[in-house]
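Number of protein chains: 2
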Amino acid sequence: MSEIKETSTNFANKTALADECPEAYASNIIGGQWTLVICSWLLSGKMRFGELRKKLPNITERMLTLQLRKLEEHKIISRTIYAEVPPRVEYELTPIGYALKPVIKALESWGEEHRDLLNNQL
Amino acid sequence: MSEIKETSTNFANKTALADECPEAYASNIIGGQWTLVICSWLLSGKMRFGELRKKLPNITERMLTLQLRKLEEHKIISRTIYAEVPPRVEYELTPIGYALKPVIKALESWGEEHRDLLNNQL
DNA sequence: CTCATTACTTACATTTTATATAGTACCTAA
DNA sequence: TTAGGTACTATATAAAATGTAAGTAATGAG
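Residue numbers (this note's numbering), protein chains in the order written: chain A, 4 to 125; chain B, 4 to 125.
Each hint should be verified, as a subset may be incorrect.
What the hints assert, rightly or not - Straight-line alpha carbon distances no greater than 30 Å define the calculated DSBU-like cross-link-like pairs of lysine-lysine that follow:
id : chain 1 : residue 1 : chain 2 : residue 2
1  : A       : 17        : B       : 108
2  : A       : 17        : B       : 78
3  : B       : 17        : A       : 73
4  : A       : 17        : B       : 58
5  : A       : 73        : B       : 8
6  : A       : 104       : B       : 78
7  : B       : 17        : B       : 108
8  : A       : 73        : B       : 73
FYI, nobody ran anything at the bench for these hints, they're computed from the structure.
Work out the full structure, taking the sequences as your base and the hints as a guide.
This is the structure we're talking about:
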């Protein structure tokens, strides 16, 4: 995560590609390691930070925070803080976040198909 | 690209996620910088190495080679070498590669929707 | 006062991915 | 003999993503 250098060739290439190709644009946004899985869980309703952490056994708090921040930045999820102690923060998909559902479903079914294919070749 | 360390936590996390979630599995395979764009071009028919390079103005030959190799490894594209001089190599989607079409289309339309949304908010 | 809980934050280290630059083999045509 | 096209390979380096380990604030329970 960290910052991206807006002077790097990599940044220029990503930007140029995203300008032309909506699929590359989309992939830049949801292409992270945990992004899709988080969205996948949130498709079934809002969740707290701690709940998400439990659903993603290997994620570190740092990574979860970073991913959630990125998703929030891209308006895919919304964040609601309740002024309680101990704190409570809930995450929920926005409409454009829910609109990812067909994408996730398409990826899921392709993934299964691809895995079956490779397994049958052994 | 280079090699991935099979002893790293990152590798373990990716593997574990991919085992459970077909969408994460799929994302690992087609999540690269240029992967989807290459597939997108190949959806309209087989292409030579040099043709692909022209379609992707900023890609280096090395990156194109690496991406093509990775796609070939994952059985998404096939590679045909013609014993000519100068050499000719053609790349074509396999059936499972063509099966990416709905995924790409879903990503495209989500990407456009998302971009429109953000633009309208300015 | 001390501890526990929750949702973080920070500093740093490591791993993975991407780019830059130069070179190779092959034959052909001039 | 020399130049040229095609599809690469090798090596080095930069950048980005991910992981580790520790610490923070607020407050209510004991």
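Hint by hint, here is what the structure shows:
no., hint, result
1, A:17 <-> B:108, "holds, 19 Å"
2, A:17 <-> B:78, "holds, 25 Å"
3, B:17 <-> A:73, "holds, 19 Å"
4, A:17 <-> B:58, "holds, 15 Å"
5, A:73 <-> B:8, "holds, 27 Å"
6, A:104 <-> B:78, "holds, 26 Å"
7, B:17 <-> B:108, "holds, 25 Å"
8, A:73 <-> B:73, "holds, 28 Å"
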